[in-house]
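Listed below are the residues making up each chain.
Number of protein chains: 2
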Amino acid sequence: MNTEIHPMHKIRIAIMVSGHGRGSNMQALINGCHTGMINGEVALVIGTRSDAPAIQRAKESSVDTRIISPNRHPDDNSYGQAIMEALDSKKIDLVCLAGFMRYLPSCVVRKYAGKIMNVHPALLPFFGGKGMYGEHVHQAVVASGMRVSGCTVHFVDEDYDNGPIILQTPVPVYPEDTPETLAARVLEKEHSSYVEAVRLYSLGMLKIKNGKVFLCNDNSEE
Amino acid sequence: MNTEIHPMHKIRIAIMVSGHGRGSNMQALINGCHTGMINGEVALVIGTRSDAPAIQRAKESSVDTRIISPNRHPDDNSYGQAIMEALDSKKIDLVCLAGFMRYLPSCVVRKYAGKIMNVHPALLPFFGGKGMYGEHVHQAVVASGMRVSGCTVHFVDEDYDNGPIILQTPVPVYPEDTPETLAARVLEKEHSSYVEAVRLYSLGMLKIKNGKVFLCNDNSEE
Chain H
1 MNTEIHPMHK IRIAIMVSGH GRGSNMQALI NGCHTGMING EVALVIGTRS
51 DAPAIQRAKE SSVDTRIISP NRHPDDNSYG QAIMEALDSK KIDLVCLAGF
101 MRYLPSCVVR KYAGKIMNVH PALLPFFGGK GMYGEHVHQA VVASGMRVSG
151 CTVHFVDEDY DNGPIILQTP VPVYPEDTPE TLAARVLEKE HSSYVEAVRL
201 YSLGMLKIKN GKVFLCNDNS EE
Chain P
1 MNTEIHPMHK IRIAIMVSGH GRGSNMQALI NGCHTGMING EVALVIGTRS
51 DAPAIQRAKE SSVDTRIISP NRHPDDNSYG QAIMEALDSK KIDLVCLAGF
101 MRYLPSCVVR KYAGKIMNVH PALLPFFGGK GMYGEHVHQA VVASGMRVSG
151 CTVHFVDEDY DNGPIILQTP VPVYPEDTPE TLAARVLEKE HSSYVEAVRL
201 YSLGMLKIKN GKVFLCNDNS EE
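So the sequences go chain by chain: H and P.
If you read the first sequence in this note's numbering, its first letter stands for residue 1, the second for the next number, and so on.
If you read the second sequence in this note's numbering, its first letter stands for residue 1, the second for the next number, and so on.
If you are wondering where the hints come from, they were derived from the structure by calculation, not from laboratory data.
Watch out, some of these pointers could steer you wrong.
[As the list claims (entries may be wrong)] Straight-line Cα separation of at most 30 Å, BS3-like style, residue types lysine-lysine; simulated pairs:
1) Lys-189(H) to Lys-207(H)
2) Lys-212(H) to Lys-130(H)
3) Lys-212(P) to Lys-189(P)
4) Lys-212(P) to Lys-130(H)
5) Lys-212(H) to Lys-10(P)
6) Lys-130(H) to Lys-130(P)
7) Lys-10(P) to Lys-189(P)
8) Lys-91(P) to Lys-111(P)
9) Lys-189(H) to Lys-59(H)
10) Lys-209(P) to Lys-91(P)
11) Lys-10(P) to Lys-59(P)
12) Lys-189(H) to Lys-189(P)
13) Lys-130(P) to Lys-212(H)
14) Lys-209(P) to Lys-59(P)
15) Lys-207(P) to Lys-130(P)
16) Lys-212(P) to Lys-189(H)
17) Lys-91(P) to Lys-212(P)
18) Lys-111(H) to Lys-209(H)
[As the list claims (entries may be wrong)] Computed from the model, here is a short list of chain H residues facing chain P with C-beta under 10 Å:
19) Met-132
20) Ile-165
21) Leu-167
All C-beta atoms in this analysis are idealised placements derived from N, C-alpha and C, irrespective of residue type, glycine included.
Start from the sequences, fold in the hints, and give me the full structure.
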């Protein structure tokens with residue numbers, strides 16, 4: 001993934017959600033576009049089921065939604081093709097996973113290399129990987145006795161919770177914390193960090209080099 | 001380790017150093033006592049060799065020093081006994097490891113349970129354990145691609161780099177960082193975090209409960 005990212009126009013963002021998440025990271029990105037923080041617009045929200053709260057919320061924000069159910073596709077490749085058709089039809093520049101609890105098909109990850117982001121509610125590469133989502137993450141952090149957690153915004157590659165890290169924001173952990181109190185504190189930082197990462201991307205300021213994400217201050221070639 | 005820590009007097013601190021460290025954490029603790037931040041005094045510095053820079057520095061600060069060489073002791077127990085005799089003779093309340101690169105004998109750790117602190121230049125339990133000291137730690141953090149590192153002040157138990165965490169202070173990691181630039185940034189926070197942890201201890205504000213360190217605002221029993 002040595003992709004150059006130089007979008008000069010207002011970028012077109014697709015957000016992918018699944019399951020029963022409230023869609024608060026999705027909402028933060030939509031708001032970030034509305035307020036002009038992000039040089040872009042959320043052109044599409046892709047969900048796995050129509051009754052997901054995030055899908056309702058997207059509709060209330062007048063964002064186009066598309067339901068692509070993995071259960072209706074015989075295999076990963078067919079599911080991936082359906083996703084790519086939706087992304088292509090909307091001329092999407094950037095895909096943001098926001099509470100998307102599934103493994104994204106490899107064909108999508110390969111085609112959109114360097115153009116898919118995710119946010120994780122801990123400091124990756126720790127407290128990530130299979131089964132580490134939602135409250136499971138915060139339970140593990142609290143049990144570890146650590147006094148610092150945080151969130152990670154990263155580009156998505158074919159490994160789970162892997163890929164070059166764009167931003168990590170630390171969050172204090174208090175000895176009195178429960179997974180719930182910690183989750184609430186981290187979630188706030190997820191919102192602001194995700195908007196900041198997409199803002200930098202939308203200004204063409206992120207460059208992936210040797211697996212690391214560098215910040216560049218202009219759009220000129222090095 | 002459910003030790004109650006209620007020192008009401010000015011605490012007497014011993015600092016243990018080894019090898020060729022510059023003794024900057026030691027110096028930070030000595031300064032913290034001189035300025036009154038810490039309600040205590042550094043009554044003894046124990047080193048493993050007389051030519052260590054930290055030992056010279058301690059002498060320049062007019063702190064008593066004692067050299068106890070592990071090479072002159074046939075086994076861990078005999079080495080531990082020599083350390084405990086030195087600590088006892090100075091009526092030490094708190095032992096602070098500062099660049100002490102050796103495994104502290106178990107008999108010392110048991111006798112001074114809840115009264116030995118260490119600082120580690122990363123966010124434990126990650127980037128710790130055998131072989132993870134000095135530049136090795138920062139090399140591993142830089143290689144990980146993480147954007148947050150930090151330092152950890154913790155009570156010492158019989159496992160290496162383990163024991164209840166008192167404080168963790170995050171430090172940003174930049175993609176341009178080398179192990180050296182990161183080490184310098186973390187070291188600054190080691191100094192301030194170590195002084196803060198010892199300050200809290202010296203005021204009787206730290207309480208270990210179920211393997212976690214709680215902050216209490218007064219010296220009264222719960």
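Hint check:
{"no.": "1", "hint": "Lys-189(H) to Lys-207(H)", "result": "holds, 23 Å"}
{"no.": "2", "hint": "Lys-212(H) to Lys-130(H)", "result": "holds, 23 Å"}
{"no.": "3", "hint": "Lys-212(P) to Lys-189(P)", "result": "holds, 22 Å"}
{"no.": "4", "hint": "Lys-212(P) to Lys-130(H)", "result": "holds, 27 Å"}
{"no.": "5", "hint": "Lys-212(H) to Lys-10(P)", "result": "violated, 49 Å"}
{"no.": "6", "hint": "Lys-130(H) to Lys-130(P)", "result": "holds, 27 Å"}
{"no.": "7", "hint": "Lys-10(P) to Lys-189(P)", "result": "holds, 25 Å"}
{"no.": "8", "hint": "Lys-91(P) to Lys-111(P)", "result": "holds, 13 Å"}
{"no.": "9", "hint": "Lys-189(H) to Lys-59(H)", "result": "holds, 25 Å"}
{"no.": "10", "hint": "Lys-209(P) to Lys-91(P)", "result": "holds, 25 Å"}
{"no.": "11", "hint": "Lys-10(P) to Lys-59(P)", "result": "holds, 21 Å"}
{"no.": "12", "hint": "Lys-189(H) to Lys-189(P)", "result": "holds, 22 Å"}
{"no.": "13", "hint": "Lys-130(P) to Lys-212(H)", "result": "holds, 27 Å"}
{"no.": "14", "hint": "Lys-209(P) to Lys-59(P)", "result": "violated, 37 Å"}
{"no.": "15", "hint": "Lys-207(P) to Lys-130(P)", "result": "holds, 28 Å"}
{"no.": "16", "hint": "Lys-212(P) to Lys-189(H)", "result": "holds, 25 Å"}
{"no.": "17", "hint": "Lys-91(P) to Lys-212(P)", "result": "holds, 27 Å"}
{"no.": "18", "hint": "Lys-111(H) to Lys-209(H)", "result": "holds, 18 Å"}
{"no.": "19", "hint": "Met-132", "result": "violated, 15 Å"}
{"no.": "20", "hint": "Ile-165", "result": "holds, 5 Å"}
{"no.": "21", "hint": "Leu-167", "result": "holds, 6 Å"}
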